[in-house]
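From just these sequences and the hints, can you work out the full model?
Quick note, the sequences are listed as chains A and B, same order.
Read in order, the letters of the first sequence are residues 1 to 114 in the working numbering.
Read in order, the letters of the second sequence are residues 1001 to 1114 in the working numbering.
Mimicking DMTMM-like on lysine to aspartate or glutamate, the simulated pairs with C-alpha atoms at most 25 Å apart in a straight line are: (1) K68(A) to D1101(B); (2) K42(A) to E1083(B); (3) K1057(B) to E3(A); (4) K42(A) to D1101(B); (5) K1057(B) to D27(A); (6) K68(A) to E1044(B).
Simulated restraints, written as ranges between beta carbons of each label pair: (7) R55(A) to G1016(B): 50 to 58 Å; (8) A10(A) to G1003(B): 27 to 35 Å; (9) R1009(B) to Q111(A): 23 to 31 Å; (10) E1078(B) to R61(A): 36 to 44 Å; (11) E1068(B) to D67(A): 34 to 42 Å; (12) D1007(B) to D67(A): 37 to 45 Å; (13) F1074(B) to Y76(A): 34 to 42 Å; (14) P82(A) to Q1080(B): 41 to 49 Å.
Calculated directly from the structure, the hints in this document are not laboratory data.
Think of the CB as a built atom: it goes at the ideal place given N, C-alpha and C, for glycine as much as any other residue.
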Amino acid sequence: KQEVTQIPAALSVPEGENLVLNCSFTDSAIYNLQWFRQDPGKGLTSLLLIQSSQREQTSGRLNASLDKSSGRSTLYIAASQPGDSATYLCAVRGGSGGYQKVTFGTGTKLQVIP
Amino acid sequence: DTGVSQDPRHKITKRGQNVTFRCDPISEHNRLYWYRQTLGQGPEFLTYFQNEAQLEKSRLLSDRFSAERPKGSFSTLEIQRTEQGDSAMYLCASSLAASSDTQYFGPGTRLTVL
Chain A
1 KQEVTQIPAA LSVPEGENLV LNCSFTDSAI YNLQWFRQDP GKGLTSLLLI QSSQREQTSG
61 RLNASLDKSS GRSTLYIAAS QPGDSATYLC AVRGGSGGYQ KVTFGTGTKL QVIP
Chain B
1001 DTGVSQDPRH KITKRGQNVT FRCDPISEHN RLYWYRQTLG QGPEFLTYFQ NEAQLEKSRL
1061 LSDRFSAERP KGSFSTLEIQ RTEQGDSAMY LCASSLAASS DTQYFGPGTR LTVL
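This is how it looks when you write it as C-alpha cells:
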C-alpha cells in the first residue's frame, strides 16, 4: 500500500525567504507525482506535475524535484510572498497496486508573514 | 472551458437520507476521479473512471456509495443511508490521458450529515 508523508506539517516564514517542502512515498513504482495548493475551504490548484521519468519541473518561483529511487520529492519556493500562504499537498499516482490510484499526503500548511 | 464544476456546493442532510452529487469535468477530459477530504487530511481516493468505465474503486467506498459516468462526460456520486461519518468535502477531478495527465479539481461539495 502506497503511503505518502509530508514534512513539516506546518511552516511559518517571513516574506522573502526561500523554502523547501518535502514529500516522501513508500512505493517507488510510481507513474507521476503532482504538487497542489489548497486555500481554506477551496478545491485544489495544480502547481506542478513530474512524470516518473523526469527529475524536476519549474514554474515561475516554484521548482519541484523527484528522486524516485529514494521515494522523495521536494517543492522549492523562491522569494516567498504572503499570497503563497496555503496548504501544499503532494499526490502520487501509482505503486504496485496499479497506476490509476492516487495517494495524497496530509499536506504542509504554509504561512508567509509580511 | 470553465474548468471542473460540482453541484451542489453544500449539502446538509439528515442521517439515513440519500444524497447525490454531480461533477462536470473539463470537456474532452477522459479521466474522472472522486475523492473525499476531511478536516486536516489530504484527499482520499474513492474511485476513478476512464471514459464511462469505472476502473478503480477504493475499499473506502462501501456498498452505500455508488458512482456512475454513463456517457463518459459528467459523473454522479450517490451515498445511500447517510451516516454522520460521511460528513466531508467530496472532490472531483478530471484529466486528459493523452496529455500530461495533470488532474484539475473542482471546488468540491461539502456534505454535512446531522
